[in-house]
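Student: Spelled out from the first residue to the last, the chains are:
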Amino acid sequence: MTNPVFGICVGVLLSLGAQAGPLRVVTATRDLADFVQQVGGEHVSVQSLVSGLDDTHNVLMKPSMVTMLARADLFIEMGLDMEHGYAPGLLAESRNHAIQPGAPGFLDASRGIPVLGVPGSLDRGEGDVHAQGNPHWNLDPERAKIAVRNIAAKLAELDSADAAAFAANAERYIAELDARIREWRARLDGKDIRFVSYHAHFAYFAQCFALKEVGTIQPKAGIEPGPRAMAELMARMSREGANLVVRESFFSDRYPKVVAQRTGARLVAVPIQVGGMPGADTYIAMIDMLVTAFAGDQ
Amino acid sequence: MKKQIVYLALAAVVRVASAGPDQERVQALEETVAALRQDVVALQDQSRQKRTGIHNPDISAAVDAIASYSDAAGTLNFTARDVELMVQANADPFAKAYVVFNAESELEPTETSNPFGEASLGMEEAAIQTTALPYGLAVKAGAYFADFTRLGRVHSHDLPFTDRPVSLEQVLGGEDKARGVELTWLPPLDHYVRFTAGVVDDIGAETAVNGTLATADGEEVDAFAAEEKRALDAAMLYGRLATMLDLGPGAVLHLGADAAQGGNAGTRTLASTDFKLEWKPVAGGNRLFELAAEWLTSKADGTLAEAAVIEGGPRDASAEVSGGYVYAQYRMTPIWQPGVRFDLTEPEWFEAGEAGLVKVDDSRQTVSAYLNAHLSEFNRLRAQVNVVSGDSEIANGQDTDTQVFLQWTVMLGAHKHDFIP
Chain A
1 MTNPVFGICV
11 GVLLSLGAQA
21 GPLRVVTATR
31 DLADFVQQVG
41 GEHVSVQSLV
51 SGLDDTHNVL
61 MKPSMVTMLA
71 RADLFIEMGL
81 DMEHGYAPGL
91 LAESRNHAIQ
101 PGAPGFLDAS
111 RGIPVLGVPG
121 SLDRGEGDVH
131 AQGNPHWNLD
141 PERAKIAVRN
151 IAAKLAELDS
161 ADAAAFAANA
171 ERYIAELDAR
181 IREWRARLDG
191 KDIRFVSYHA
201 HFAYFAQCFA
211 LKEVGTIQPK
221 AGIEPGPRAM
231 AELMARMSRE
241 GANLVVRESF
251 FSDRYPKVVA
261 QRTGARLVAV
271 PIQVGGMPGA
281 DTYIAMIDML
291 VTAFAGDQ
Chain B
1 MKKQIVYLAL
11 AAVVRVASAG
21 PDQERVQALE
31 ETVAALRQDV
41 VALQDQSRQK
51 RTGIHNPDIS
61 AAVDAIASYS
71 DAAGTLNFTA
81 RDVELMVQAN
91 ADPFAKAYVV
101 FNAESELEPT
111 ETSNPFGEAS
121 LGMEEAAIQT
131 TALPYGLAVK
141 AGAYFADFTR
151 LGRVHSHDLP
161 FTDRPVSLEQ
171 VLGGEDKARG
181 VELTWLPPLD
191 HYVRFTAGVV
201 DDIGAETAVN
211 GTLATADGEE
221 VDAFAAEEKR
231 ALDAAMLYGR
241 LATMLDLGPG
251 AVLHLGADAA
261 QGGNAGTRTL
271 ASTDFKLEWK
281 PVAGGNRLFE
291 LAAEWLTSKA
301 DGTLAEAAVI
311 EGGPRDASAE
321 VSGGYVYAQY
331 RMTPIWQPGV
341 RFDLTEPEWF
351 EAGEAGLVKV
361 DDSRQTVSAY
371 LNAHLSEFNR
381 LRAQVNVVSG
391 DSEIANGQDT
401 DTQVFLQWTV
411 MLGAHKHDFI
421 P
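Protein chains in written order, with the numbering used here: chain A, 1 to 298; chain B, 1 to 421.
By construction, these hints were calculated from the structure, which means they are not laboratory data. Please note that the accuracy of each hint is not assured.
No more than 16 Å apart at the CA atoms, straight line, and that leaves these computed lysine to aspartate or glutamate pairs for EDC-like [unchecked claim]: (1) A/LYS220 to B/ASP316; (2) A/LYS212 to A/ASP189; (3) B/LYS96 to B/ASP316; (4) B/LYS416 to A/ASP128; (5) B/LYS299 to B/ASP316; (6) A/LYS145 to A/GLU171; (7) A/LYS145 to A/ASP178; (8) B/LYS416 to A/ASP189; (9) B/LYS299 to B/GLU278.
Between the sequences and the hints, there should be enough to build the whole structure, so can you do that?
Tutor: Next up, the structure:
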C-alpha cells in the first residue's frame, strides 16, 4: 500500500509546479517580449530574461531566470547564436523538457529571416564569429515583422482556441510597423549617413534604412582595438567620409570618444534592445530613438 | 545554387523589362523578388541545418602553459600543466555523455621539473547524464568531477588563479574526481534550490589526503590502510545543498554547503561551506566583481596501516585538517581583471590512542595577487605572485617563499557556458 505521507508530498510538489491561466512565455530579450505582448495580449503572460541594459554577449545568469524557465510553456530566443552565452545553460538547468530546443515550447524567432554576415569559414582567427551569421536582426523593423508572424504562429500552435486573436493582433501590429517604417525612412532619407559602431550591431538597421556602415571599433568580433586598428579605422573613416560614431549604451565611451574627436564625426549613444536606455520601453520607441540619433534630430 | 538564383533573377529582369505596361512590369518584378527571397531563406535554413553537427560530438581543447619561479627553491619551471581534450554530445533523447582526456603535469614551483619528462595522458572524466527525467531530476554516472564544494569541481585551467589553493589540496585532495553515480534535484519552488546526492568510491585527486604520517626514519606513509576489497559500507556518500539569491538587478549571491562520509582507507568525513557574490554594474558591459570564500574540514578515522604502526603503539587513530580561501576579483575592462586571494591551511592533528594529540603537518598561508589579461574570450594571459609562509620548511630550509607564475591559457573548439550554482 502506498505510504499516505509520500503521496501527500508528491501531490504538494506536483501542485507547486502546476498553474492554470494564460500561456506562460519567457523570451530572451525585451524586444521579443514586446512582440509577444503585442500579439498575445491578454492570452499570455510574458517575461524577459535580460533587461535590455546588458550586452547580450555578457549576461549574468541569475537564479530567478532558472525558476522562470522551469515554469514556462514557451521560450523564444532571437536565434543565430545570439544567446549562446546564457540561454543554453539556463535551459538545461531549468529541466523543463517542454521548452528545450526542438520541443513544441521552443521558438527560434529568426526562422525565415534573411541573414547577413554569414561567415565563409568558421575560424576564430576572425574573432568570436557567429557561425550562423549576424544575430542582430532585431534592429531591422522589416525583419521584425517576420519574427512577429513566427510568434503568432507559435502561439496559435500552443493555444489554438485563441489563434484568430493572435493572427489579428499580429497583422494590426505589422500595419503599425509599416506606417512607422515609412515615417522613419522619410526622416533618414537624403541624410547621407556614414557611420561606425563599436560592434557590428547595425548591419540590418543600415540595410533597412539605406545607411552606410563604414566599420567597427572592434577590429574583429569580441576583440578590443589596438593603436594600429584604431589608426586604420580612422583612416578608413576619412577616406569614406564617415560622419557618425555610434556607441552602444553598454560599451565604454573611451574608444568612441577618441575616434569622434579625431575624425570630427558626431558621437551618439544608442540602445540596441528594448530597455537599453530610458525611453526605449517598447520596440517602436527603441527604433524611433535610433532613427532620431542617426538622423541627428536630437 | 547561388549562381542559379542569379541567372534566374537576370532572366526574370530581362523578361519583365521587355514586357508591356509599367504596372505589369513592377508587379512581375515584385513577384520575382518575393520568390527569390523565399529561395534565399530556404537555402539559409538548409545551411543552418547542415551546420549543426548532429552526428559529430562537440570537441574542445584547452592548453595551459605556465612558467613558475620559486625564490626559496631558486627553481624556474616551464609546464604545460593542463592539456585537455573534451568530447561531448547527446546520445539520444534521453542521455548525453562526455569524455575529458587530460595530459596533466603537476604544478610544483619548489620542485625542479624534468625537462625531458612527458605528461601522462589519462582519462579525467567519462560520464553519462540523463536529459529527460521528470520532476527536475537528473542523474550522472561514471567518472566525473562531483558536484561537491565550489572550486573542487573546477578544472585547473578554469580556476580564477593559476594554482589550486593549498587548502583544497590538503583537505579535499585537489579536484573533486570521483567514480560513481550522482543525483541532482531542482524542486519546483519559486526560489532556486538544488540538491545533490551521490555515492562514489572516493572524492579527490589524491585518495589518502589526510593522515599522512612521518615515521621515525623520516619516511612519509599513509596512516590508514586501504582495504583489498571495497566493502559496501566503505562507499563514500556525499551531498550538496546549493541556493542562489537575486540581490537586485546586477547582483547574485551563491550559497552552498556540502558533507561526505566514507572511504576505503579509514573513514573520511568531509564538510564544507561556501559563498560567492557576483556584482555586475547595470549597463556595465563586461565589468564584473566577484567575492568568494570556502571553508573545508576533513577527518579520517580508522585502523593504522602496518607501515604507520609504531611497535607497541596504538592500532586505531584519527586525523583532522581544516582550511579555506577567500578571493576577490574585478573585471574592470574587457581586457583587465586584477584579483587577490588569501588561503589558509591549519595544522593537521593526529590522534592515536594514548599517544595523544600530535601535530603532523605544518600550517600554510598564502597571500596572492594576480592580473588577468583577456585578449579574447578564448585567450587569457595571467601573472600571479604568491607570498607563502608556514610553520616548517618550504624549500632550502626557509619557511617563507615568494612564487611567481606566468600563465597563458587558450581554449579551442566548441565552448558552452553552464549555469553553475
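Student: For every hint, state whether the structure bears it out.
Tutor: So, going through the hints one by one against the coordinates:
1. A/LYS220 to B/ASP316: Violated, at about 64 Å.
2. A/LYS212 to A/ASP189: 12 Å, holds
3. B/LYS96 to B/ASP316: Answer violated: B/LYS96 to B/ASP316 is near 45 Å, above 16 Å.
4. B/LYS416 to A/ASP128: 13 Å, holds
5. B/LYS299 to B/ASP316: 14 Å, holds
6. A/LYS145 to A/GLU171: OK: A/LYS145 and A/GLU171 at ~9 Å, within 16 Å.
7. A/LYS145 to A/ASP178: 9 Å, holds
8. B/LYS416 to A/ASP189: 43 Å, violated
9. B/LYS299 to B/GLU278: It is violated: about 32 Å lies between the C-alpha atoms, which goes past 16 Å.
In summary, the structure is inconsistent with hints 1, 3, 8 and 9 from the numbered list given earlier, while agreeing with the others.
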